[in-house]
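J.: Sequence:
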Amino acid sequence: MEKLKEITNDDSKKRRYNRILTRYDEGLRACEHGVTSFEFEELVPPPGYPPLTDRSKLSKNVKLSNNDPKTSLAKPSSGHPIKNKTEAIVELLTKRQDELKQAAKAAKQSGNIELAKMYIRSVLGMNQMIQAAEAGLPIDLTQLPRPPALTDSNPSRPILSGLKCDPPVKYAVAFNSLSGKSFQ
1 MEKLKEITND DSKKRRYNRI LTRYDEGLRA CEHGVTSFEF EELVPPPGYP
51 PLTDRSKLSK NVKLSNNDPK TSLAKPSSGH PIKNKTEAIV ELLTKRQDEL
101 KQAAKAAKQS GNIELAKMYI RSVLGMNQMI QAAEAGLPID LTQLPRPPAL
151 TDSNPSRPIL SGLKCDPPVK YAVAFNSLSG KSFQ
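Position 109 of the sequence shown, counted from 1, bears residue number 109 in full-length UniProt numbering, the numbering being contiguous throughout.
Read the hints as simulated data drawn from the structure, not as lab findings. Take the hints with a grain of salt, since some may be wrong.
Claimed, not checked - In silico SDA-like pairs for lysine to any residue, Cα to Cα no more than 20 Å straight-line: (1) Lys-101 x Gln-128; (2) Lys-95 x Ala-106; (3) Lys-13 x Glu-42.
Input sequences plus hints: build the corresponding full structure.
T.: Below is the structure:
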């Protein structure tokens with residue numbers, strides 16, 4: 001639309017395109033603020049696209065045999081892979097949230113209240129991530145809390161068992177030549 005507005009030299013077309021763009025801006029703002037009374041049917045469809053439909057009215061009017069309103073929505077042609085990816089992300093987030101809930105319960109039962117509080121904070125923080133993923137918004141999975149099993153053990157520190165052990169033979173040869181001492 002912006003390109004069409006810039007290309008045309010006709011003043012009447014410019015005014016018409018500006019009105020259309022203004023209506024789309026109003027529609028976007030209404031959608032961002034959660035206004036449900038905005039009439040999306042009144043928006044002029046972009047060239048080459050079908051008329052827009054109000055999804056809330058569509059889901060109320062169309063009843064399927066399984067009564068699932070999400071399946072009654074109009075699907076874009078490339079929406080199928082996105083839906084599967086969205087479902088996978090939501091499933092991952094809810095699974096991680098359940099793991100953290102179980103870890104919080106176990107930490108509380110073992111008497112470690114501070115660790116349980118930390119897990120609960122992570123669980124509550126994930127609610128917004130899950131809502132955003134269900135809405136189809138992109139999620140930064142690097143912000144996902146670590147699983148409880150990885151939180152308890154820090155792999156960046158060396159693991160020392162306290163037992164004396166000799167280095168492997170291939171390294172012992174290198175140590176012997178460097179230090180002049182024999183390890184075996």
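J.: So, for every hint listed, does it hold in this structure?
T.: Now the hints, each set against the structure:
no., hint, verdict
1, Lys-101 x Gln-128, "16 Å, holds"
2, Lys-95 x Ala-106, "17 Å, holds"
3, Lys-13 x Glu-42, "19 Å, holds"
Of the numbered hints listed earlier, not one is contradicted by the structure.
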